[in-house]
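Based on the hints, put chain X in the right spot on chain B.
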Amino acid sequence: MRKQLRLSGSGGQGVITAAIILAEAAVSEGKQAVQSQSYGPEARGGASKSEVIIDDEKIFHPHVKSPDFVLAMTQKAADKYFTDLNSEGVLILDDDLVPNSPDFKNIIRVPITKLAVEKIGKALFSNIVALGVIVKVTKLVDFETIKKAVAHRVPPHTIEQNMAALQIGYDSVE
Amino acid sequence: MSAKLMQGNEAVAEGALAAGVRFFGGYPITPSTEIAEGMAKLLPKVGGTFIQMEDEIASMGVVLGASLAGKKVLTASSGPGISLKQELIGYAAAAEIPVVIVNVQRVGPSTGQPTAPSQGDVMQARWGTHGDHSIIALSPWSVRESFELTIKAINYAEKFRTPVILLMDEIVGHLRENVELPAENEIEIYPRRTPKKSRAEGYEPYTPDEDLVPNVANFGEGYHVHVTGLIHDETGFPSGSPKITAEFIKRMHEKISRAADEIIEVETDFMDDAEIAVVSFGGTARTAYEAVRNSRAKGLKVGFVRLVTIWPFADKIIAELAKKVKGLIVAELNYGQIVGEVQRAANGNCAVKLCAKYDMTIFEPEEIESAIDELISEVGGK
Numbered sequence: 001m002r003k004q005l006r007l008s009g010s011g012g013q014g015v016i017t018a019a020i021i022l023a024e025a026a027v028s029e030g031k032q033a034v035q036s037q038s039y040g041p042e043a044r045g046g047a048s049k050s051e052v053i054i055d056d057e058k059i060f061h062p063h064v065k066s067p068d069f070v071l072a073m074t075q076k077a078a079d080k081y082f083t084d085l086n087s088e089g090v091l092i093l094d095d096d097l098v099p100n101s102p103d104f105k106n107i108i109r110v111p112i113t114k115l116a117v118e119k120i121g122k123a124l125f126s127n128i129v130a131l132g133v134i135v136k137v138t139k140l141v142d143f144e145t146i147k148k149a150v151a152h153r154v155p156p157h158t159i160e161q162n163m164a165a166l167q168i169g170y171d172s173v174e
Numbered sequence: 001m002s003a004k005l006m007q008g009n010e011a012v013a014e015g016a017l018a019a020g021v022r023f024f025g026g027y028p029i030t031p032s033t034e035i036a037e038g039m040a041k042l043l044p045k046v047g048g049t050f051i052q053m054e055d056e057i058a059s060m061g062v063v064l065g066a067s068l069a070g071k072k073v074l075t076a077s078s079g080p081g082i083s084l085k086q087e088l089i090g091y092a093a094a095a096e097i098p099v100v101i102v103n104v105q106r107v108g109p110s111t112g113q114p115t116a117p118s119q120g121d122v123m124q125a126r127w128g129t130h131g132d133h134s135i136i137a138l139s140p141w142s143v144r145e146s147f148e149l150t151i152k153a154i155n156y157a158e159k160f161r162t163p164v165i166l167l168m169d170e171i172v173g174h175l176r177e178n179v180e181l182p183a184e185n186e187i188e189i190y191p192r193r194t195p196k197k198s199r200a201e202g203y204e205p206y207t208p209d210e211d212l213v214p215n216v217a218n219f220g221e222g223y224h225v226h227v228t229g230l231i232h233d234e235t236g237f238p239s240g241s242p243k244i245t246a247e248f249i250k251r252m253h254e255k256i257s258r259a260a261d262e263i264i265e266v267e268t269d270f271m272d273d274a275e276i277a278v279v280s281f282g283g284t285a286r287t288a289y290e291a292v293r294n295s296r297a298k299g300l301k302v303g304f305v306r307l308v309t310i311w312p313f314a315d316k317i318i319a320e321l322a323k324k325v326k327g328l329i330v331a332e333l334n335y336g337q338i339v340g341e342v343q344r345a346a347n348g349n350c351a352v353k354l355c356a357k358y359d360m361t362i363f364e365p366e367e368i369e370s371a372i373d374e375l376i377s378e379v380g381g382k
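Chains as they are written, first to last, in the working numbering: chain B, 1 to 174; chain X, 1 to 382.
One chain only, chain B, in its complex shape (with noise of 0.2 angstroms):
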């Protein structure tokens, strides 16, 4: 079954290193991914965004259309990105940096900067608070396999840290 995820921000905020890493989880575990992105010229601070297909069929097309889930991680994101979902889908807010929420039915709002920062010290771990908030909302891929992945990825001397955030992230929503 197809699952199509839009992950939203501003450049600098890691949305296309978690899309990445999401879609290696996917396909440890057998399933077909494609993650496409697009960013503007900046560096840091210009608009960013990543998708991910998820499928058990090989996938073509590699865009997004009426996304299952978007993340955004700034109110720019959530306004311009929100508008496709599919109406049963779900909208992950950043609590801080989208004060105001989309006029939409299924929102959940996280903290996840500011429990980056809190929790673990940077806000540097942002993302990988958000893909622990991602797995348990989806429910895409099993916590282990998202643990190995961002293991796999991150530099070897931040795993504990990044563990921690994936594993705040995780415990943040029901």
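Any given hint might turn out to be false.
[What the hints assert, rightly or not] Here are the computed lysine-lysine pairs in the DSSO-like style, where the Cα-Cα straight-line distance is at most 27 angstroms:
#  : chain 1 : residue 1 : chain 2 : residue 2
1  : B       : K3        : X       : K298
2  : B       : K65       : X       : K301
3  : B       : K3        : X       : K4
4  : X       : K301      : B       : K58
5  : X       : K4        : B       : K136
6  : X       : K250      : X       : K298
7  : X       : K316      : B       : K65
8  : B       : K58       : B       : K139
9  : B       : K147      : X       : K41
10 : X       : K4        : B       : K65
11 : X       : K4        : B       : K58
12 : X       : K4        : B       : K139
13 : X       : K298      : B       : K58
14 : X       : K4        : B       : K31
15 : X       : K301      : B       : K148
16 : B       : K105      : B       : K65
[Unchecked claim] Covered stretches of chain X, going by a simulated chain B footprint (3 or more residues, C-beta under 8 angstroms):
#  : stretch
17 : 174–184
18 : 359–371
To be clear, the hints were calculated from the coordinates, so they are not data collected in a lab.
As the structure is a computational prediction, the values presented were derived from the model and not from experiment.
Beta carbons are placed, not taken as given, at the ideal position from N, Cα and C, and that holds for glycine.
Only chain X this time, still in chain B's reference frame:
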């Protein structure tokens, strides 16, 4: 080997390594940079050389030097950098130096839209450098094919001693998907051509072999080799002769055109009963494939044609197709480039309709499906 997630650009670097590339010179530019990053990681592990030069022109120069010295070489860039490389691409064509240039296309002209996808360099790949010359250009649509066509590009560069353009686009270059790379024993490699005569036997570096390609000796292997961009005779030294000039230019073209059937690859699907077909290439073909499948599901007799080889153009295949179908749609992410070639090859035997896009975004299947519906209503049929 189990499947893993890999990016198109990463697959190019892996393919280059598998093909025997041991020298990469480049200058980073979005959306091609991951190729340079990949080569920087991979080459030192196998005793190869990665060098980041001061600009794209020097990057092209350094790979030509390394190629003449016997290395299989690669460079990669995008539109603005490829424009800068043109002078030395012509030099490589004239001096018959094997080299592969990867162009991960983005929106142009000039610096254009640095991070946005495009297929606007199709004609530049053919005619970007001045003068009569032949060229080979290949365009992958998947991550696995990025690996495979990089190997083919290197092999063609070596076999025909010509510059080869790997015409990627941002869609495939930056796309990550499941990939299972072929095993080492499934990979065919064309070795560097070597002299068949000694100096004592009267070896001349630019004497063409039976396939019209010369066996130019590598520098440092005991032969005298003179290399020039001026039109030269078999000794490699410049010649002012009209006869030699005409022969040279003819041979430049014929060494590729005589092997066209070997080089030209076109993938087709849903063609058996097709009344019209969509022609596309590179990343756009992924969307075209989905559009064709969706149209088939609606009962429309639509076929799928994908140009794997862009240059030399698939004249014969398109000409034959044009006699079978009522119309061809050419879907390309530019203002209309390959459509002219399709029209020329179709030669009035079927309708040719352009489906162009040039707004920084890739096609959605519905856009190509609309073009299919329109063409069917124009030419009749189902």
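Hint numbers the structure violates, sorted upward?
Structure breaks hints 6, 7, 15.
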